[in-house]
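Given the coordinates of chain A, assemble chain B onto it according to the supplied hints.
Number of protein chains: 2
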Amino acid sequence: MTDRAAGLAQSLHRTEPQLNCFAGPFAPDPGLEALLERSTALLVEWLGESAAHAPRPALTLEATVAPAAHGLDLEELFSGLRGVMAGAYRPNHPGALAHLDPPALSVSIAADMIAAGLNNNLLAQELSPSLSRLERRLCHWLSTRVGLGANSGGVPASGGSLSNLMALVCARKAAGLAADPRAVVLTGSAAHVSLSKAAAVMGLPPDGLRALPTDANGRLQPEAVASALTQLRLEGRKPFAVVAVAGTTVQGTVDPLKALAELCRREQLWLHVDGAIGAVCALVESERWRVDGIEQADSVTLNPQKVLGVSKPSSVLLMRQLELLHSSFATGLPYMESGDGPQGGELGLQGTRAAEVLKLWLSLQHLGLDGVERLLAGAFQRAERLRSLLRAPQLQLLGGDLHLVAIGLQPHLAEHASAWRDHTHAELQQQGFWLSRPDLNGRPLLKAVLGNPCTSDHHLEQLAAIINRSARELS
Amino acid sequence: MTDRAAGLAQSLHRTEPQLNCFAGPFAPDPGLEALLERSTALLVEWLGESAAHAPRPALTLEATVAPAAHGLDLEELFSGLRGVMAGAYRPNHPGALAHLDPPALSVSIAADMIAAGLNNNLLAQELSPSLSRLERRLCHWLSTRVGLGANSGGVPASGGSLSNLMALVCARKAAGLAADPRAVVLTGSAAHVSLSKAAAVMGLPPDGLRALPTDANGRLQPEAVASALTQLRLEGRKPFAVVAVAGTTVQGTVDPLKALAELCRREQLWLHVDGAIGAVCALVESERWRVDGIEQADSVTLNPQKVLGVSKPSSVLLMRQLELLHSSFATGLPYMESGDGPQGGELGLQGTRAAEVLKLWLSLQHLGLDGVERLLAGAFQRAERLRSLLRAPQLQLLGGDLHLVAIGLQPHLAEHASAWRDHTHAELQQQGFWLSRPDLNGRPLLKAVLGNPCTSDHHLEQLAAIINRSARELS
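Taken in order, these protein sequences are the chains called A and B. When we follow the working numbering, the leftmost residue of the first sequence carries the number 798, and every step to the right adds one. When we follow the working numbering, the leftmost residue of the second sequence carries the number 798, and every step to the right adds one.
This is chain A alone, in the form it adopts within the complex (with noise of 0.2 Å):
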């Protein structure tokens, strides 16, 4: 570096000097090394020390917000991001079953670490030249291994609500009824919430979406679409979409999705499924009769994020003709050159975008296919394993496809079911558990979510003993 550039660079702060606020390009910089190496410190400390905490921990004290006139030293920033670290939630927890959140995967870590220090922008091939090419490859290696076919590809989206919409989106561009007060998308009424947000943004009338009530288990019929379909063109509405959900956020239910493709073919419509949570499972051979039919889909959201503990962001929209995700989206970059395939900025709704696709690699170059069967069987036979040990008569589990359980009371006991979740979580929250409190149709649920690996059998056995005693309590 030059002297008047190290010099700016230095100045910037003045009570740590060998810290500069950029690494410049001329040699390696020893302030961005002892800042990562303590970094590295406080966080596998922080990991580490998990179980000894609760998986939510007590409100603590307020960090301060606004910059000071001149800006902290090493020691101060530090002091507060221990503050924030010890008010944060801790995914790692034998515990922590409440959601859909494990733990980050320890080279997803590493590589957002890189991702953030190379700095690549996707918009354009210019601004990330391999790191486009390889989101370009690997989202189709993602949609060819799901089944969607030679023309399929993807685009990673910073979350699955941001896929849900793109995929409506092309749907609608589709159909041909961009801007139609008319077109309708039809769902199941356990559908993910993210879909009324899509249906909010997109402009359509306050009935665009239809949440058609489903079977006990929560899935969507065929019958049910069937005749809902017949009913909006009676009344000259425009249905374009079936939106089916692999995995939905209560129970974790599987939609029948090869009866609903042969509908949606026949009826001429679009079918997104939104595997957010249970697509992952088309990946490997052992697991892909889960989600059975995914592959006759037209745009499929894949989030890595959720079982497999790609760090957050990492969702994938996945589309059977990767050229209508272009189509939608593309509006031109004139002030881009241009790249050796569709720039990345044109095939979505974001522009410039972080290299998320970096971490999602290189978690699935570190586990392979056979670490990712596993890491799904793990969360699979823990799922089961709680359901065997949950055995009061008093309880009744509700029937899930994938690694979520939701535990209800027996409907008799039905006047006593809010009461009994509500002591029965807090009981739990005493012993080092924390699940979630969902309500499903009205009635009270209690939800475990078996994705953390941290959790082992002798936890769940912990887990069922107090649910069990609890329910056996009320009679």
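Treat the hints with caution; some may be incorrect.
Given that identical chains are not distinguished, each listed pair holds provided it fits within a single copy or across any two copies.
In silico SDA-like pairs for lysine to any residue, Cα to Cα no more than 20 Å straight-line [stated by the list, open to error]: (1) 970 / 990; (2) 970 / 1033; (3) 970 / 1062; (4) 970 / 839.
If you're looking for bench data, these hints aren't it; they were derived computationally from the structure.
Quick look at chain B alone, frame taken from chain A:
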């Protein structure tokens, strides 16, 4: 960790038993520590040798994307990673001046690593207790600092395209025009392409976004807006928002915000300021004049990922009335406990989100207000310096208010402009400089973005010498 859990984690990787896939909760994980230390060394080395390479590397070998049957060991992983990094764009190369992609602040890199390790979910407070509070409070600080008042606040977004989209969804909702095909948004012809995307996603009709002619410097004039309003209302349309730009993509010009705000107030239109590039000026007194009037906006996009160097993605949508963000996007989260404020996933388009706030907070704490000031001043000074060095009479510099310099030939040399631009671009590239080649209203330009703190006076002199000589050779 129990024996079984440890066994599971270790069994996930055959050849590197010391590297567990996940860090356990019972003791610091030496495998994670070693992995992060090695990644640190790789990244520090990569950043420190940038100047020895080209800003934009030549094409490299393609990485393997399909995971193998068995996972790779660390040597293989790092070998693949080195390949990808060899083909990555180098934002801290002194000659990397093509786009709005500066190198990442060192503390931002550290914060991204820690955020990945925490893997907290900003969807809901129970999944990110301290981080949810930090996010709400930091967004409130930003919005009040910009001048949006006591009821203001905001939400981070994974990129400016999402911030702009969310703002327009709120504006349409506030105007009572959700799903109304008469709705129209007005902006200038130099506005960002993300607005076209937003209009398409929102289901506005093809002419629902009107790009009005600007003055010679790319500025949207209130008179143009006023006459378009008259015409639209005669046609029975419902204009509901004006998008003013604080920093256009090619020139970095700022629209007359004060005058546009007055017009919008009079006409009861929403004023969104797309300040992805320039709004950050409002954070410090010395640069605030550049975006004078921004405090009168209804919503503002502010991207710390641009001139501040916070690693991507880092954008924030700031709202005069935070409540409108909630009422536009809340869908209910029936499977979550309530928090001590609106849930992060109900304040915008995204649901599950990473803790992007952590790096923004840590960066601002580290820089302090004077650090922010010096970063901005540095960029503006480099732009001024380059302008003053570009003295060849054949050149014409296009007006701009920020740190972008758009360089064309004088109008009488128009027939040479395209060949000259491409020739000069190639010569610059040979000398280690990378500028971009935008077309502005059909006019071929070179563009330099002076946001790279590693670019010294010496580099600017070299750069200007090449451009001056190349222009002088034309006569």
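Right, here's what the structure says about each hint:
1. Taking identical chains as interchangeable, the C-alpha atoms of residue 970 and residue 990 lie at most 20 Å apart only when they sit on different chains, with a minimum of 19 Å there against 22 Å within one chain.
2. Taking the shortest alpha-carbon separations for residue 970 and residue 1033, only the intra-copy value of 19 Å comes in at or below 20 Å, while the best inter-copy value is 26 Å.
3. Proximity of residue 970 and residue 1062 under a CA criterion of 20 Å is satisfied intra-copy only: 17 Å inside one chain copy versus 35 Å between copies.
4. Proximity of residue 970 and residue 839 under a CA criterion of 20 Å is satisfied in neither setting, with 48 Å inside one chain copy and 45 Å between copies.
The structure fails to meet hint 4 from the earlier list, while all remaining hints are met.
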